[in-house]
Amino acid sequence: MSRKSLDRKISRRKFLGTSAASGAALAAMSTGLSRVSFADSHTIKIGFLAPLTGPVAAWGKPGLDGCLIWADWVNSKGGVDIGGQSYNIEFIGYDNEYDAAKARTGATKLIKEDGVKFVMMLGGDTWPGVQEIAAREGMLFSTLLPSDLTPDSTTLLAPCEVHPIYNVTGVEWLAENKPDLKTAAMCAQDDALGKPSVATYLAAFEAAGIEMVDAPLFFDPATTDFAPVMTRLLAANPDILCLDTCYADYVHPLCEQAFQQGYQGQIISCTADFYQNIIEKTSEEFMEGFIFQFPDFDDPALNSEGVNFVNPNEFYAEYAKRYGASAWSAVSWEYASIMDLWADAASSAGSAEPAAVLEAMKADGTGKHAFGTADWWGTELFGIDNALVGNWPVVVIEGGKATIKEFRSIPAWWDQHKDLMIKHMTDLGQMWNQRG
Amino acid sequence: MPGTGTGKLVRRIAWQLRLVFLFAVLAVLPYLLSYSQQEIAVLLVINVLLVSSYRLLTLTGEWSLGHVVIMGVGAYASALLAKRLGVSVPVSLLLGGGIAAATAAVLSFPLFRMKGFYFLIGSFAAGEIIRLIWKRFTEPFGGPKGLKRIDAFPDIDIGFLSIDFFEPVNYYFLALVVVSASLFVLYRIERSRIGLTFHAIHWQDRLAESVGIDTFRYRTLAFVIASFFAGIAGGLYAHYVGAVNPTRFGVDQMVYVLVWAIVGGTATFHGPILGVVVLTVINEIVLRALGLDTARPLIYGAILILSVLYLPNGLESLAPRVRERVRRWRSGPAATGEGAG
Chain V
1 MSRKSLDRKI SRRKFLGTSA ASGAALAAMS TGLSRVSFAD SHTIKIGFLA PLTGPVAAWG
61 KPGLDGCLIW ADWVNSKGGV DIGGQSYNIE FIGYDNEYDA AKARTGATKL IKEDGVKFVM
121 MLGGDTWPGV QEIAAREGML FSTLLPSDLT PDSTTLLAPC EVHPIYNVTG VEWLAENKPD
181 LKTAAMCAQD DALGKPSVAT YLAAFEAAGI EMVDAPLFFD PATTDFAPVM TRLLAANPDI
241 LCLDTCYADY VHPLCEQAFQ QGYQGQIISC TADFYQNIIE KTSEEFMEGF IFQFPDFDDP
301 ALNSEGVNFV NPNEFYAEYA KRYGASAWSA VSWEYASIMD LWADAASSAG SAEPAAVLEA
361 MKADGTGKHA FGTADWWGTE LFGIDNALVG NWPVVVIEGG KATIKEFRSI PAWWDQHKDL
421 MIKHMTDLGQ MWNQRG
Chain A
1 MPGTGTGKLV RRIAWQLRLV FLFAVLAVLP YLLSYSQQEI AVLLVINVLL VSSYRLLTLT
61 GEWSLGHVVI MGVGAYASAL LAKRLGVSVP VSLLLGGGIA AATAAVLSFP LFRMKGFYFL
121 IGSFAAGEII RLIWKRFTEP FGGPKGLKRI DAFPDIDIGF LSIDFFEPVN YYFLALVVVS
181 ASLFVLYRIE RSRIGLTFHA IHWQDRLAES VGIDTFRYRT LAFVIASFFA GIAGGLYAHY
241 VGAVNPTRFG VDQMVYVLVW AIVGGTATFH GPILGVVVLT VINEIVLRAL GLDTARPLIY
301 GAILILSVLY LPNGLESLAP RVRERVRRWR SGPAATGEGA G
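Chains V and A are the protein sequences, given in the same order. So the first sequence is numbered by my numbering: it starts at 1 and just counts up by one. So the second sequence is numbered by my numbering: it starts at 1 and just counts up by one.
Here chain A stands alone, though its shape is the one from the complex:
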């Protein structure tokens, strides 16, 4: 039908325009922020990749408690490669992601013998083993104190152009490029046949197996891809902050990732991103600006409880709900059932 083709084209153009608008906002954003808020923006961009990669894993129906540790694997690997072996930081960043993915591939053999709650606990245990290894072996991991003075991203100085990546605004753009590219790949994977298979395994794993899908292989694939991007996020973090230690990748941090995903919602690609952005802005900017530093954990907890109670499908469900209300309001009281009688 010609109408359908035109509709698709309009939707595609609208989508592309929205994307252009989003990138324009992201490009202007750091110049509207204070210096310390630019620092927060850098960490936020990194956390967007972390939570988005986590969502890919949840597509298969498995929720891990080891994702932050996997991010740590990428951070430690990238830091050690740059610091000890002199590998250039951009290369070490990619290798860090690769090592995180390889670690996930190895872990998948014991972990994917479990499902659901057992997988959750198993992933926690695996993560703790990795963290204990970092603590136990001072050489090369630095023990409990971890690694510091990690090589920063090399500055760019070509005469007319000088970029110091210690400056948060510069690192923000670097991280934005890396994270945008990563999100594009993650999005394409989800929209591909592989992504559909992940969904199938989530909702009907027995049925998927009955039609010849190797669920173990696909779960492993999701875990490995998610871990690669978590590793990249870890590398971005390590080369920005300049220090990593086992505590940074502990279960406390993992709880934050879970909260971002739950509050944002995991049904859509943008759900967890919405969660991390909204909660970070509330936690790091709004509550601090209001002088509520010490009350933040309390308020954070309250937000989680309230969102679970009143937005069980996450922030991502808010826009459709608002749209639905607007639609009903426009179509008059008859549609809402009001005014009857």
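Next up, chain V with everything else stripped away, as it sits in the complex:
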């Protein structure tokens, strides 16, 4: 054996040895870090179980980013006062990839290993995987999709976004402010998010006297070419183009197609996440008057009396500073606003235990929703009063910027038109007792 080859072999051994030692050191470090985190008894852990990657990540990741700002702010002020003791808040994220099985794994990790006291979810397809664990562990969960609510899920709340019911406020505002628009065409992805939203828009259009030019067009979530979808929508020459609750990955190409196919009418949508990018791809003129439901939080209207979200303008500024203004999405503030509600309830309960917080949250049948005091509601639609419903903003793009036009009452609309809503929800099989 030559000297050269011997050296090479020794160096390989050394390399392997060094690698193993480095790996062990890294593992020890990470274990050590975990221990530091666990050792802090004045920290309450909150689970964040949402899609952080994949096509639905736009409704998860920006929310976690918002929560990190919320935690930094709260912790810098000494934390949350619970039972006379201040507690820092730490968020533990788990990417469920919008998959029920991974959500189940994530929920067990957060509850049994991380010791969280509350878990925030996007919900939807992922909730069924978690439902049984929530029941067994008595853990308090929140969802952004109240279609997850059922009477047997007593520890699941929809304390912020009562999707898709708030969409009625946009249609109502549109009908009042642009009464000459009388016909609409609508499309949605054929999934658990699209269908209840279609039912809501159908009810809202009917209540507003707006006629559908065609049946709603459901496209497959795997669709990537939206030209034929838009061509079919525009074929009947509608006054209003309704994009329902499409994911950002669909809203953007749909708008692009509408622009390229020469559409000049009104567009209404539940969301317009990253709308600056849509403007870049179309034009400011094209997007002028676009109605949706999710404000930028630098809007001065959010400083009005009754809005409970703490320092919305500063929150938006900090978010834009950390992640860029174009990263702002519908959910950037929502999970943080749920945390406001949770912190209030934990403080008044004097405990972070899920049952105590739940009881405190629903104590007098009302809650401090981000957009004003609201009622715990939902028996007729969800079979349980676990949705916090009150006012919701109508947002219009003006001069390339989202602007709140008005806060409108969802319960007021419901009182007048609930029969229509129930009819359309039933027709599409979306009532709580028709699901699964």
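Check before you lean on any hint, since a few could be wrong.
Said to hold, decoys possible - Now the in silico label distances, taken between C-beta atoms and shown as ranges:
| hint | chain 1 | residue 1 | chain 2 | residue 2 | range |
| --- | --- | --- | --- | --- | --- |
| 1 | V | Pro228 | A | Ile305 | 26 to 36 Å |
| 2 | V | Lys321 | A | Ile305 | 27 to 37 Å |
| 3 | V | Thr379 | A | Glu167 | 30 to 40 Å |
| 4 | A | Ala295 | V | Glu398 | 34 to 44 Å |
| 5 | V | Thr426 | A | Gly291 | 42 to 52 Å |
| 6 | V | Thr223 | A | Arg206 | 35 to 45 Å |
No lab work stands behind these hints: they were computed from the structure. Given the structure is predicted, the values throughout are model-derived calculations rather than measurements. Glycine residues also receive a C-beta, built at the ideal position from the N, C-alpha and C atoms.
Mind docking chain A on chain V? Use the hints.
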């Protein structure tokens, strides 16, 4: 030759010992894992069956893009039989596999009129049709939201013994038994005359036909058997998670199966198993533990590219390569060509 017989016996004993060791490790494994890692282990065991059944289909040379949908057929069928007709879960699991196999048998008529790339696209289209049916018909398939509150595997409670199959460790052992039995059958099929015929069709289908082998029948047989076990995997999944929906069995999931098979390699029985185990551990345990949740798709993609570049024959080729290097190293520089001159 007596030496040959002894050699065979030694190899057989060594093989059996390795198997015993493997089962011992698998039996101890869940007790070394955290609760959430036990959950991952359950899904991993199910995915082992999925990817192994997929390999059986690839033996005939055909790569399908509909295998995950076929798994979904088993999942939906088993869930509906248990939920709507009150069939006991173990029976519905088997029937689910049977329905997946029957679906494959029906699909084989149009699909096996195609070969290669055309079969790939055809299988994708067939899978999409099935998924659209699940979405379109809310009754009985639950539409886009799918089925939930699917009956779980019945608990066992006979006084001294109480087993709750909601607990991942218990379901892990149940899945392990079912999957081990399935893998044994798949292994025996591959090693049988039928398996050799599958190989023959893969490498020389015209030649196989010339000696009287009905390639259509054998391709169908591989497809049906693979689909039966994919259906069983689907049933195991449905009764564990308690929910199925059309998105769960979409092309994204199929890409994962392809990646497992490609990274692991399909030349040997254990190749795809190696692929699914290694990639799942990296993706679900290592990268999450390192706090790289959001970077996982990027890293996963990089691993695929690197493995294709540097391990074109998959992870299964790694051990022989290492063995070869060790052999060369032991036999000295002369064998490696080093030291010359």
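Okay, the hints, checked on the actual structure:
no.: 1; hint: V:Pro228 to A:Ile305: 26 to 36 Å; verdict: 33 Å, holds
no.: 2; hint: V:Lys321 to A:Ile305: 27 to 37 Å; verdict: 35 Å, holds
no.: 3; hint: V:Thr379 to A:Glu167: 30 to 40 Å; verdict: 34 Å, holds
no.: 4; hint: A:Ala295 to V:Glu398: 34 to 44 Å; verdict: 38 Å, holds
no.: 5; hint: V:Thr426 to A:Gly291: 42 to 52 Å; verdict: 46 Å, holds
no.: 6; hint: V:Thr223 to A:Arg206: 35 to 45 Å; verdict: 40 Å, holds
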